Structures are given as structure tokens and as C-alpha cells.
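Taken in sequence, the protein lines are chains Z and R.
FYI, the numbering used here numbers position 407 of the first sequence as 407, with every residue one higher than the one before it.
FYI, the numbering used here numbers position 43 of the second sequence as 43, with every residue one higher than the one before it.
Source of the hints: derived by calculation from the structure; they are not laboratory data.
Each statement offered as a hint is correct.
Just the calculated beta-carbon pair ranges, DEER-fashion:
no. : chain 1 : residue 1 : chain 2 : residue 2 : range
1   : R       : 115       : Z       : 627       : 26 to 34 Å
2   : R       : 115       : Z       : 308       : 52 to 60 Å
3   : R       : 82        : Z       : 412       : 45 to 53 Å
4   : Z       : 421       : R       : 99        : 45 to 53 Å
5   : R       : 82        : Z       : 185       : 34 to 42 Å
6   : Z       : 286       : R       : 115       : 42 to 50 Å
7   : Z       : 185       : R       : 156       : 20 to 28 Å
8   : R       : 109       : Z       : 297       : 50 to 58 Å
9   : Z       : 286       : R       : 99        : 50 to 58 Å
10  : R       : 109       : Z       : 60        : 56 to 64 Å
Since the model is a prediction, treat every value here as computed from it, not as a measurement.
C-beta atoms are modelled at their ideal positions from N, C-alpha and C, and glycine is treated no differently.
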Amino acid sequence: MPMIYVDGQEIEVKKGENILEACLNAGLDLPYFCWHPAMGSIGSCRQCALVQYQNEEDTRGRIVMGCMTPVSEGARFSLKAENATQFREAVVESLMLNHPHDCPVCAEGGECHLQDMTVMVGHRDRRYTGKKNTYRNQYLGPLIHHEMNRCIACYRCERYYRDYAGGKDLGAQASHDHLYFGRHEEGVLESEFSGNLVEVCPTGVFTDKPFLKQYSRKWDLQSAPSICQGCAVGCNIAPGERYGKVKRVHNRYNDEVNGYFLCDRGRFGSGYLNSDLRLDYAGIKNPDGSFFAVHQQQALDTAAGWMTGKKVVAIGSPRASLEANYLLRELVGPKNFAPGFSDHEADLIGGIATILQSTKSINPSIKQIETADAVLILGEDVTNTAPRVALALRQSVRNKAFELAEQMGLPAWQDAAVRNLAQDQRSPMTIVSAMDTRLDDVASTCVSLAPDDIAAFGHAVAAALAGETTDNAEADAAAQMLKAAKNPLIVSGSSMAHQGVINSAAAVADALSQAKTMLSFCVPECNSLGLALMVADGSSSSLKALAKRAVKVDALIVLENDLYRRGDKELIDQLLASGTKVITLDMYENGTLDQSDLVMAAASYAESQGTLVSSEGRAQRFYPVHSPAAERLPSWQWLLRLAKVVEHKKLSKLEHFDQIVAACAKSSPLFAGLVDVAPLNSFRDRGSKIPRQTHRYSGRTAMNSGVSVHEPQQPKDHESPLSYSMEGLNRDQPASLTPFVWAPGWNSNQSLQKFQSEVDGPLKGGSSGVRLISSSQTGAEISSQVNEVTLKPHQWHLVPMEQIHGSDELSAHTDEIAELAGRGFIAIGEKVAEKLAVTEGDGLLVKQGDVQSSLEVRILSRVAKNCIGYSAGYSETRELTAGSLVSLEVDKAWQRSGPEMIASDKAAFQQVIGDGGASNV
Amino acid sequence: MLSELRTMWEVLKHTFTKAETVQYPEEMPYLSPRYRGRIVLTRDPDGEERCVACNLCAAVCPVDCIALQKDTREDGTWYPEFFRINFSRCIMCGMCEEACPTYAIQLTPDFEMCEYDRQNMVYEKEHLLINGVGKYPDYNFYRVSGMKTATKDKGEALNEARPIDTKSLLP
Numbered sequence: 001m002p003m004i005y006v007d008g009q010e011i012e013v014k015k016g017e018n019i020l021e022a023c024l025n026a027g028l029d030l031p032y033f034c035w036h037p038a039m040g041s042i043g044s045c046r047q048c049a050l051v052q053y054q055n056e057e058d059t060r061g062r063i064v065m066g067c068m069t070p071v072s073e074g075a076r077f078s079l080k081a082e083n084a085t086q087f088r089e090a091v092v093e094s095l096m097l098n099h100p101h102d103c104p105v106c107a108e109g110g111e112c113h114l115q116d117m118t119v120m121v122g123h124r125d126r127r128y129t130g131k132k133n134t135y136r137n138q139y140l141g142p143l144i145h146h147e148m149n150r151c152i153a154c155y156r157c158e159r160y161y162r163d164y165a166g167g168k169d170l171g172a173q174a175s176h177d178h179l180y181f182g183r184h185e186e187g188v189l190e191s192e193f194s195g196n197l198v199e200v201c202p203t204g205v206f207t208d209k210p211f212l213k214q215y216s217r218k219w220d221l222q223s224a225p226s227i228c229q230g231c232a233v234g235c236n237i238a239p240g241e242r243y244g245k246v247k248r249v250h251n252r253y254n255d256e257v258n259g260y261f262l263c264d265r266g267r268f269g270s271g272y273l274n275s276d277l278r279l280d281y282a283g284i285k286n287p288d289g290s291f292f293a294v295h296q297q298q299a300l301d302t303a304a305g306w307m308t309g310k311k312v313v314a315i316g317s318p319r320a321s322l323e324a325n326y327l328l329r330e331l332v333g334p335k336n337f338a339p340g341f342s343d344h345e346a347d348l349i350g351g352i353a354t355i356l357q358s359t360k361s362i363n364p365s366i367k368q369i370e371t372a373d374a375v376l377i378l379g380e381d382v383t384n385t386a387p388r389v390a391l392a393l394r395q396s397v398r399n400k401a402f403e404l405a406e407q408m409g410l411p412a413w414q415d416a417a418v419r420n421l422a423q424d425q426r427s428p429m430t431i432v433s434a435m436d437t438r439l440d441d442v443a444s445t446c447v448s449l450a451p452d453d454i455a456a457f458g459h460a461v462a463a464a465l466a467g468e469t470t471d472n473a474e475a476d477a478a479a480q481m482l483k484a485a486k487n488p489l490i491v492s493g494s495s496m497a498h499q500g501v502i503n504s505a506a507a508v509a510d511a512l513s514q515a516k517t518m519l520s521f522c523v524p525e526c527n528s529l530g531l532a533l534m535v536a537d538g539s540s541s542s543l544k545a546l547a548k549r550a551v552k553v554d555a556l557i558v559l560e561n562d563l564y565r566r567g568d569k570e571l572i573d574q575l576l577a578s579g580t581k582v583i584t585l586d587m588y589e590n591g592t593l594d595q596s597d598l599v600m601a602a603a604s605y606a607e608s609q610g611t612l613v614s615s616e617g618r619a620q621r622f623y624p625v626h627s628p629a630a631e632r633l634p635s636w637q638w639l640l641r642l643a644k645v646v647e648h649k650k651l652s653k654l655e656h657f658d659q660i661v662a663a664c665a666k667s668s669p670l671f672a673g674l675v676d677v678a679p680l681n682s683f684r685d686r687g688s689k690i691p692r693q694t695h696r697y698s699g700r701t702a703m704n705s706g707v708s709v710h711e712p713q714q715p716k717d718h719e720s721p722l723s724y725s726m727e728g729l730n731r732d733q734p735a736s737l738t739p740f741v742w743a744p745g746w747n748s749n750q751s752l753q754k755f756q757s758e759v760d761g762p763l764k765g766g767s768s769g770v771r772l773i774s775s776s777q778t779g780a781e782i783s784s785q786v787n788e789v790t791l792k793p794h795q796w797h798l799v800p801m802e803q804i805h806g807s808d809e810l811s812a813h814t815d816e817i818a819e820l821a822g823r824g825f826i827a828i829g830e831k832v833a834e835k836l837a838v839t840e841g842d843g844l845l846v847k848q849g850d851v852q853s854s855l856e857v858r859i860l861s862r863v864a865k866n867c868i869g870y871s872a873g874y875s876e877t878r879e880l881t882a883g884s885l886v887s888l889e890v891d892k893a894w895q896r897s898g899p900e901m902i903a904s905d906k907a908a909f910q911q912v913i914g915d916g917g918a919s920n921v
Numbered sequence: 001m002l003s004e005l006r007t008m009w010e011v012l013k014h015t016f017t018k019a020e021t022v023q024y025p026e027e028m029p030y031l032s033p034r035y036r037g038r039i040v041l042t043r044d045p046d047g048e049e050r051c052v053a054c055n056l057c058a059a060v061c062p063v064d065c066i067a068l069q070k071d072t073r074e075d076g077t078w079y080p081e082f083f084r085i086n087f088s089r090c091i092m093c094g095m096c097e098e099a100c101p102t103y104a105i106q107l108t109p110d111f112e113m114c115e116y117d118r119q120n121m122v123y124e125k126e127h128l129l130i131n132g133v134g135k136y137p138d139y140n141f142y143r144v145s146g147m148k149t150a151t152k153d154k155g156e157a158l159n160e161a162r163p164i165d166t167k168s169l170l171p
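Just chain Z, same shape as in the assembly:
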């Protein structure tokens, strides 16, 4: 390892890194703006200047940019040299020339990198007396607020949005001191990852719009380490709460999972937590169908009365924690427990769980996905089903560029140079899907096939890899591509609702001989895989089997699950039929809850703790951000208390969360790793619990004084090593217990580098989560049978299209997400549209057997023969079944929904027209 000298101090550095990274690794404060650990250096802001000396005798030196200067053995630098400090101060002073007097009314204030750097370089008094440049703002959709005056032209937004996330509709415009970062015209940002602009922008140009509506300063937010519940990727998040409301969700760094970035569903999709639909009290149904609120104990006693000595069955949920599902399963016995998947989904996820336990390939983390140098995607629109994985796939195609750079001796952090060198050369990616995917723009080959044919394609690739000759040239090409790669990656998933597709992906992975072959599956919900592992022994029941027994059953317990999303109405009605007492634990009103006889108000993920298993097989713990409001209780506590009341032999011995985890870990060899997921409740860091509040949490003696001047004691957390307090130290603890990042002098999220063991490396407390699945490496046992379906004329295959905004059950209850989701739609190819004489926005009647839905038309740019897509998970399309055959008819009664803009677009557009803004932007 080379040694360098900074201000006489000897520093050990990593070969190939730059001096800015070296300084940050050594704990030295060197200001910067444009450099970002995930995006490398371009040397545009000139902020990280320091002096480099030729040798020991050189006393003058020369100013170099830290982010652009590689370290070399024995190099001498100075941070403190007067010309360097003056230079850095002058840079900030010039950046501040046009900066508006906005800090008090800026949502970045208090966590602003520009504020931090200004203080760090010591700039205080404004000398420039000229006029400040001003700009007009743009409306960028319901998620991002734009305030262009605050820009310092570091280019981070453009580099993130275009180069990193592959967006096309935001960029730099104009030149010199007229530089403008925005869209060509006002409108909703197209990228599914636009929310990261909030964290990437070092100042307040892009801020979180929903957060702005209920704004609190960073120092006033109570945060806890949490896991995103939006999909199965398991991104680490840090939600912030104040006055009982979850105000925003910030990224929580996990080097192996989400790194620095989240998707928009994860960042903005938690608004439902503050929704009016949330339940506050347990309730028992009146004869007239309404509920009357009861105390917790009364609810428990009522439930116990219906359960003791009776036949009780239960349905779990892939969106509830492992612990809650475990308790419910134990409470009623495995045979009387159904995991709460739809029956088809249960097969798919179960199949994936089996494959992951036997495949010869690696089930990769997101970090590993980024290293793939050839990708085959079978049937999945990853951007909509596992968004954060799609962002990693976008990085994987850059490996070609890094390879070229390495041949040239160019360090990977020389971002502009590497991109310039590679131009459009990318690592190969083949997407085989029924229709457009959001990754098509970086794919080298896109093949449009119906789900059955995708499975056949996969098996053909596997056959070609095994040396057999196939008559499928595209499959041969895909096989060649995978064979030539060092780290080939196969991605598939359950969104096609097709077992054959999943099996064929496993077949391809097992046919590859590379040691670093990766196989990744997208599964739908945050704990789908965990639940599949729990019922992997086959002892549990299915919805259909339970429905058959419904007549003989006295009581049914439903855990956080809207069953009407899981099966057709007939089946669910049969399940919930009168005669059976239905007890539901959930957090908001839904169809299942309306049919229940007793409802227990469950706490949300922000009010309870639990473990989730991500699609990677990583078990991760989420912790309550605030204590449950009103009479809500976390599901695991409801069930534990219920077990006590009914005097369950095994469960009534358990008291605490840690004991449940231990019992759950013992229940199956697959769950043995659960005990290591996070530290025990007894964990103390330097004698105290980890504080959820910042050291400058304000208003403690006034927050509640409007109600009573007598201050209540802070709520106590008896179940986790975190406290609802500002006392304690948030530093160097295990990564799974990091509620927020802050370091002296670093108030913004850039303080993360003080928590990392090295730049872009794991946190000082390691990487959180434990991987539960280890493969037996025997190769997956799968059938290669492919279904053959004959279509009648004018019939189409229904292919589900998952949508990042709208398909997820919970986030769709967030106003902003619902706005972006729009109406349920039917997606058809151009030719079909021509034949039916419809255009985008028209209505079509979709007939599937007796079911008929009227849906909006969207036109696809590429689509497999005889396939049409529908928006999966929307209420309008709930009656439609994936894979079924449908016929189409123009809906004559259809009303087009005005100009092609979403609701908020219109309001802003009129406002802009009103004050003459648009023409000047």
C-alpha cells in the first residue's frame, strides 16, 4: 500500500484511489461538491483543491483538485497551506454570488451540503454587491420540488439522472452563468428514481415535495433503521417521524443492498401511513355492519371466546413480518395455516425458494448484480417489479466501459474520461419479455415473446449452452453472450405468473459453467420469500383447501392481508362466509376487513419491529420509528397476547420479541441465521441504547404542552436496543442499528462518509442483514415442459404488467403515488390498435369469460404476438387473471380523461400560464 504525506502526516492509501478519497478515508475534512462515491469525479466544482509538492524541498507546490489527482507513493500534499485554504474559500464565495437569501425557507436547510462546506471553508461575509441571477422554476411532478435559484452548477443532478439512472428528461441547458438544470418543458419527471435527486443535490434545488407539505428539520425528526416494504428488494430506509406522523423516508446506506439510492416507490410510497383509512382502535361488528370500538383486552377476550376449544384456521401475509407469521402459524398449528399467497403465487414463490436452495449459481446481492458483464432477463420488467435491481442492472452494462478503461490504465473514478472512452459500448444485456420494459434502452437485444415462448426460449438457451443445436438463432446468440462472460447474470421472477419462465431461468443458470454465475429472482412482496421458506416443509395449507373446509371452521384469523387481492371473489366470499367468525389484524380498511367480525388495529411497519426476507434471501430487521398511536399494537404483540389469553401451551411462555425470534429460528434449519440478524434487546453501545433522536431534537418541553403542561415521560422501548431519546451515541454501532447519519460539521447526508469504513465501503458496523439461503449446489430440479395453448381468432393472452406506482397494495394509498399511477389500463401493440381503431386514452372492453372490464388504452412500442398487457394490482383490473385468454371490443361509452396530463400537472400548468411563466423557462 502506498504512503502519502498530507501536511506532514503519513497516510496509508489504497492504490488507484484519488487524494480526495484518501483524505476522507483518513478522516480529514476536505470540502467537495461534484464528487460522489457512486458517480466518481469530474472535477467541475473546483472545491476539493489542495496543494501538491514536487518533493521534500518544494515549499511552493501547486494547486491540484483532490478528486482528479491519483495518489502515488510518497506524494506530498497540504490541506492547510494558505493558498489552498484561500482557494477553497474563494470557490465557495463565488458559488454564493447568486445564491438566494433562502435558507430559512429552504427544505434543505439544516442538512445542506452547501451550508456545511461554506462553514467549513470559513466564508462568511458577502463582498459582491452586484445583482443576483434568478431563474424560473419548473413543475416537475408531485414528487420533486424545483427551486433553480439555489443551484451551484455542480452537475450532480444531471450526472445522476442521465448517466447513472438512465433518465432522459432532465439535463443542463444554456451556458456560462445562465446554466439551467431542468426539463425541456414542465412536466412529471419520467425516471422511477427521480427521488434520489433530493439526496444527490448538494443544495436545495431539488427537494422532497410531499415532505415539504409537512416539513420538519432534519434535527427534529425521530428516525429508526427500517426496511422498505414496497417490494421484495429489501432496501434499507430511515423514515423520519415528528408529531406522530412519518414525514419522509431517506435512504439508509447498506453497501450490499441499496447503496446510496432508493426508488420512488420506496421514498415516496409511505404516505399511506398518515392516511385517514388507518385504524386506531379494535372493533367488533354491529349487526348493521358498522364496527364499534373496543379496548384491546376486550378484543382479545372476544377473540379468545371464539377460539377456545373451537376449530380455528388462519391466513398469514407476505407483507407481514416473519415473527407475526410465525406466531400465527404456531397459534393455529401449521396444518390450519395458509401463507396468504394466492394459490398460483404460492406455487411460483415456492418454486423460486426451492430453486434458490438447490441452484449451482449465486443468488446475488445488488452489489454483485452491478458486477455482471452479461445479463439475460427472462420475462421481467425489472424496473417495475424490483426497481432498485433495475438501477443496478443499468450500472452492470457499464462494465464494458470499466474494462476498456482498465486496459488504458484509466482509473474507474475518472467518470467523464471513462464515459468518453466507451461512448455507446456496453456490456451485453438480452431482454426477453412479452412487451416493452424500462430497461430496453440499455439492452443490446430485446426479444418479444409470449410467456410460454419465453420459457421455451430459456430452455433453448440452456440447450445451446449444453452444446445441443437449436433452431433458435436468438437463443444461440444469448447462449454465446453468457458463455463469453466472466460474471453472467440471469434475472427472472414471478411477475409473468408463469412457472415455466422461472424454471427456464434456473435451467440457463445451471447450464452455465462459470463459478460466478448469478441467478436473481424478483418476487412481489417484502416478505414473500420469507413466508415461502416458512412453509417450505409443505405442512401448511392453501387458500383453496381452507375454503373447502370453511363450513367446518369456527373461526378464521387473517393477518394483514386483503384476501380479495389473492383470489377470485367467489373463493374469498366462501372463505369469509357467515358462520365462521372472522378475526382480522390490519392497519387500514379494505374488503376483507369489511367482512370481518372482529378487527384488531395493527401497527404499521413504522410502529413495530420485525424481520423480512428479501428476494436475495437476506433477513433484515426493521424497528419502530415511533411508538404506536392510539390503541394500535404491532401484529406480533396482538398475537402474543392472544396466545396468552387462549393459554397456548408453547407461545404463552414467550414474553419478548427476542424470544420469538429465537423460537422462530429453532423452528426450521432455514431460519437458524435469524438470531444474528440484529443485536439483542440487551445490546448497549458504551452503556446506553442507540438514540432515535438527534442530539438537537427540539421542542421537547413544548410539543405536548398544548394538551397538558405536565410533560409525559418519553415512551420506553422494551423490545429493541434503540431508545426514543436523544441520549446516547449514534456512532460505530452495528449497521442494523444506524437510525440516521450525522457528524460534527457534516449535517447533510454526506456525513455518511464518516460512518463508512472507507469511501464506498461497508459501514463501520458492517453490512446489515444475514443471508438465510445457502444453496446445496446440486442444481435445480425442474421440468422443462412448456404449455401449448391454441388461440381462437380475436383472442389474446393477458400478460400482467406490474407498475412501480400503483401495483403495490399499500403505497397506492399514498396520494402522490395514486396520482402517478393513474387509471388501470390495457396495453396493446400498434397493429392491434390500428385494427381496433383506438388511440392512447381511448377505452376498451376486455372480456374474460363472464368478466368484463372497461379499461384505458396504452400503446406499446414492442409486443409479442397475440399478447396484451394489463396494469396488475390495480382495483380496475382485479377481476382479470394473468395468462387467461380474452377478447377485446371498443368501449363506446368511454370518456377520455382530458389532455394527457395527470391531475397535478393540470393545476400547475394553469398556474404557470396564469402568471406567464412557461414562456420564459
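Given chain Z, put chain R in place with the hints provided.
Showing chain R alone in chain Z's frame:
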């Protein structure tokens, strides 16, 4: 010995000086305008609330007796939805006034705030807000800030140039 005599002399000397004690409450003492007493929220010269809910007063308060929540007016400007000071905790240190970037929060020479019921020491915005500018007659934050308001377009704030036309080719 010498020290004791000196002390006695000093004490005796004060017998002949004018007493500082006043017969409060019959006689009111003079308190200068910068005296740190009861806190008020002032209005700007245009009669609008000065407070922009930036939370700096709450952050700097050593006894954490200020709590507020930001809300937004229709024109995008910020104001406090509620603003609460728990005077039973307040130590009249004046740091909130020092921190305030808009001169909204000011301390006044009124110190007579005794109550029989502690709950009455909790002041909400309606109790704090006065119809005046307090000690700073001229300042209006939104005339300086780059934010667009109902009465001020972009580029019309103090020391601001007209908004840039990004489509122009002129230098």
C-alpha cells in the same frame, strides 16, 4: 483587623447613597426596550406574519420550550401552522431572538407573567402574535428572499436581476 474596618466603612458609606430599590408594583421600574421579557411574534411592515417557520428558534432554545410546525400558504411562502412557547420552561435567555433570521421573534420588557395555573403559561400563536413590527420597523424577509410570493415575482427581490431567459443566445 484592617479588612474588617474597611468593610464597615464601605457599608456605612452606602447609608448615604440613593436607594436603587423601587416600590414595585406601585412604582414601575424603567426597563429598556432590549430587556429580555415576554416573547412576542411580530409582523412585517406589510402586516403579514414575519415568522417563516424555519425552526431555528426551536433548535437554539436551551430548554426546548418552543415547538412549531411549518405550513405553506397558497403562494408557496412558509408560515407556522402552530407556534407554541411553554413559558413555564422559558428562561428568557433571548437566544431565539438572536437566531431568528426574520426578526419575527422578539423579547419585550414585560416580565409580569405570573399565573396560578401552569397550563396558562403555554402560549399559542394567537397569544404571541402582535400587530406590530416590534424593534425592527423595516425588515420584510420575503422582499429579500429569492422565493416567489403572491406580491413579488422572481427577480424582484432585493439585489436581484430579472430571471434568465435560458433560450436566449445573448451573453
